[in-house]
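S.K.: Each chain is listed here by its residues.
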Amino acid sequence: MIFGRYVSGDSFIHKLDPRDKLISATLIIIISFLANEPLSALILGLICLLILLVSKIKLLFFFRGIRFFLIMIAFTAILQLLFANNGEELFSVGPIRITSFGAKIASLTFFRFSLAIIIATLFTLTTSMIQISDAVGYLIRPLKIFKLPVDDIVLTLSIALRFIPTMLQEISTISDAQKARGSSLNSRSIAKKIKAIVPILMPLFIASVRRAEDLATAMIMRGYSDGKNRTKFRIMKWKNRDTLIILFLLFLLIFFGITKK
Amino acid sequence: MEILFKNVDYIYQPNSPFQFKALTDVNLKIESGSFTAIIGKTGSGKSTLIRHLNGLLKPSSGEVKIGNLTITSSIKESQLSDLRRKVGMLFQFPEQQLFADTVEHDIEFGPINFGTTKEKAKKIARESLKKVGLNDEFLNRSPLELSGGQMRRVALAGVLAVKPDILVLDEPTAGLDFIGKKEIMKLIKKLQLEEHTTIILVSNSMEDVADYAEEVILLSKGKVIKQASPNKIFSNKEITSALGIETPQTTVLAEFLLERGVDFKGSLPINEKSFNNFLKKIFEEKKKTRIL
Ligand SMILES: Nc1ncnc2c1ncn2[C@@H]1O[C@H](COP(=O)(O)OP(=O)(O)OP(=O)(O)O)[C@@H](O)[C@H]1O
Ligand SMILES: [Mg+2]
Numbered sequence: 066m067i068f069g070r071y072v073s074g075d076s077f078i079h080k081l082d083p084r085d086k087l088i089s090a091t092l093i094i095i096i097s098f099l100a101n102e103p104l105s106a107l108i109l110g111l112i113c114l115l116i117l118l119v120s121k122i123k124l125l126f127f128f129r130g131i132r133f134f135l136i137m138i139a140f141t142a143i144l145q146l147l148f149a150n151n152g153e154e155l156f157s158v159g160p161i162r163i164t165s166f167g168a169k170i171a172s173l174t175f176f177r178f179s180l181a182i183i184i185a186t187l188f189t190l191t192t193s194m195i196q197i198s199d200a201v202g203y204l205i206r207p208l209k210i211f212k213l214p215v216d217d218i219v220l221t222l223s224i225a226l227r228f229i230p231t232m233l234q235e236i237s238t239i240s241d242a243q244k245a246r247g248s249s250l251n252s253r254s255i256a257k258k259i260k261a262i263v264p265i266l267m268p269l270f271i272a273s274v275r276r277a278e279d280l281a282t283a284m285i286m287r288g289y290s291d292g293k294n295r296t297k298f299r300i301m302k303w304k305n306r307d308t309l310i311i312l313f314l315l316f317l318l319i320f321f322g323i324t325k326k
Numbered sequence: 072m073e074i075l076f077k078n079v080d081y082i083y084q085p086n087s088p089f090q091f092k093a094l095t096d097v098n099l100k101i102e103s104g105s106f107t108a109i110i111g112k113t114g115s116g117k118s119t120l121i122r123h124l125n126g127l128l129k130p131s132s133g134e135v136k137i138g139n140l141t142i143t144s145s146i147k148e149s150q151l152s153d154l155r156r157k158v159g160m161l162f163q164f165p166e167q168q169l170f171a172d173t174v175e176h177d178i179e180f181g182p183i184n185f186g187t188t189k190e191k192a193k194k195i196a197r198e199s200l201k202k203v204g205l206n207d208e209f210l211n212r213s214p215l216e217l218s219g220g221q222m223r224r225v226a227l228a229g230v231l232a233v234k235p236d237i238l239v240l241d242e243p244t245a246g247l248d249f250i251g252k253k254e255i256m257k258l259i260k261k262l263q264l265e266e267h268t269t270i271i272l273v274s275n276s277m278e279d280v281a282d283y284a285e286e287v288i289l290l291s292k293g294k295v296i297k298q299a300s301p302n303k304i305f306s307n308k309e310i311t312s313a314l315g316i317e318t319p320q321t322t323v324l325a326e327f328l329l330e331r332g333v334d335f336k337g338s339l340p341i342n343e344k345s346f347n348n349f350l351k352k353i354f355e356e357k358k359k360t361r362i363l
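Each protein sequence line maps, in turn, to chains A and B. If you want my numbering, it's the 1-based position in the first sequence plus 65. If you want my numbering, it's the 1-based position in the second sequence plus 71.
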């Protein structure tokens, strides 16, 4: 599973401003819902392929990582193909009628959802947790007008993201330790499996609470009061290329929006 | 049970950008009933190596033989449960693994998983707790209210409760006070001598290694550099200084004396006992030269 992981690198995509990447990823997914005919789908598909190639992420690693999602999406699409009844009939096998309408929505489903997965995965693979939380923090800043505690939200988010790898590490050591004591985590029976989860979740939960306490103490000792008006340690630099990318995607969005049938 | 590694490689997360070869062509033999220490710098693959001893990791290539079970990359999880009962493993910072509401229930977890009855497990919990130097009062306490050292002992009791033939310990004394360290090490040595448990100890304390181990496996960058007695390892200046391995304090002190012109030939002392002999020999030499 690679969704949500980061592979460090120095490709063009890695170096883009994280705010740009977050907005662009969202835009591409929105556009994919407008692209409902072969030509626009092809253009969008090519754009994704281009991003994938430029990011220098190994293709085999990438597709193996999202294989599970792709299979699930394909499965859904096949169901739609089999059970959609309206539209003109293309051919039929026994009770199953394959119609033009079914074929169309099945291919659209497959296209849209795989594109969304590919783009979202590409985004997290090329953007570190810290950058993501910085970008989110920046983009939700306008919500301050509605008295939303934006700084606190950003702090919480960045701490949460920071500790995901630590917790994954802990899960694997704790489950190793319990397996060594004969826990039946790998047993076939579901009931046994569920029973084996408590000895893993309990220590994990305790460790998290402890860590939160320690972290809070350490932050207070170092003079943290609240997130307001703090100077930034990492500064994001928005470049012309970031503007250009957004403009290009906006153009596509409008173009597809107008030409949509 | 004898332990045998044959051409073992281990690769973490193969075929991904995170791929990392943590063990390369590891060959070793650990005798039944022996006390073997595994040493090496941080990241040298010690924890990876010991996870092969109860099948938590399976070799990417090569094979691991434990008693008459052969573990290769294709072994099934169901074939490992017997092995897990025979090989007890205390992980780095084992206080992490405590989860039950009472110390007693936590210690019983292992035995019950391996099919011991509730009553018997209760008895075993009491015995194991005694072995690690805690009295019955602790049985009904929550493991979370204990001190770090006490938690460590409870975790060890949980491993001993299964009565393993092979006991693997990953830095069991890290972060304990001097007396706590000594007690735990003595307990482990006692298990070897009295119950003939095979002991495999990962340690960063060269004093512990010199005092208690009979055999040392030196790892560097996932390769076995040398497997020999502590005496041979620590007196091999080329290897220890090239790999940045610390030598025991007594060895350092003896070297210091030699540099200052003390005359001595033979292998350097590695612990208190051999240091005493070292001093005795030096004084005997001195006496002889004075008489002449
Ligand atoms: N899940 C993993 N994925 C990739 N690499 C890993 C993983 N776990 C460990 N490694 C790498 O394998 C190497 C050996 O790790 P290992 O934990 O065996 O070292 P160690 O000798 O026990 O070190 P320490 O003394 O710090 O405990 C390290 O370089 C580590 O970065
Ligand atoms: Mg380790």
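Take the hints with a grain of salt, since some may be wrong.
[As the list claims (entries may be wrong)] Covered by chain A, per the in silico footprint, the following chain B stretches (three or more residues, Cβ under 8 Å):
1) 122 to 128
2) 160 to 169
3) 178 to 188
[To be verified] To give a feel for the contact side, a few chain B residues facing chain A, derived at Cβ under 8 Å:
4) N86
5) E148
6) R155
7) R156
8) S213
9) L215
10) G229
If you are wondering where the hints come from, they were derived from the structure by calculation, not from laboratory data. All C-beta atoms in this analysis are idealised placements derived from N, C-alpha and C, irrespective of residue type, glycine included.
S.K.: Each of the hints needs a verdict: does it hold here or not?
M.R.: Structure-based check of all given hints:
Here's how the region 122 to 128 of chain B fares: 3 of its residues keep a CB closer than 8 Å to some CB of chain A, so the rule of at least three is met and the hint holds. With 7 residues having a Cβ less than 8 Å from any Cβ of chain A, the region 160 to 169 of chain B passes the three-residue criterion, so the hint holds. Against chain A, the region 178 to 188 of chain B contributes 4 residues with a C-beta closer than 8 Å to a partner C-beta. That satisfies the three-residue criterion, and the hint holds. Satisfaction of the interface hint for B:N86 is found here, the shortest Cβ-Cβ separation to chain A being roughly 7 Å, below the 8 Å cut-off.
For B:E148, the interface hint holds, the least distance from its beta-carbon to any beta-carbon of chain A being 4 Å, beneath 8 Å. With its C-beta approaching chain A no nearer than about 6 Å, B:R155 sits inside the 8 Å limit, and its interface hint holds. About 6 Å separates the beta-carbon of B:R156 from the nearest beta-carbon of chain A, less than 8 Å, and the hint is met. Using the Cβ-Cβ criterion of 8 Å, the hint placing B:S213 at the interface with chain A is not satisfied: the shortest such distance is roughly 11 Å.
This hint holds: B:L215 has a C-beta 6 Å from the nearest C-beta of chain A, less than the 8 Å allowed. Because the closest C-beta pair between B:G229 and chain A is about 6 Å apart, less than 8 Å, the hint holds.
Comparing the model with each numbered hint stated earlier shows that hint 8 is the single one that does not hold.
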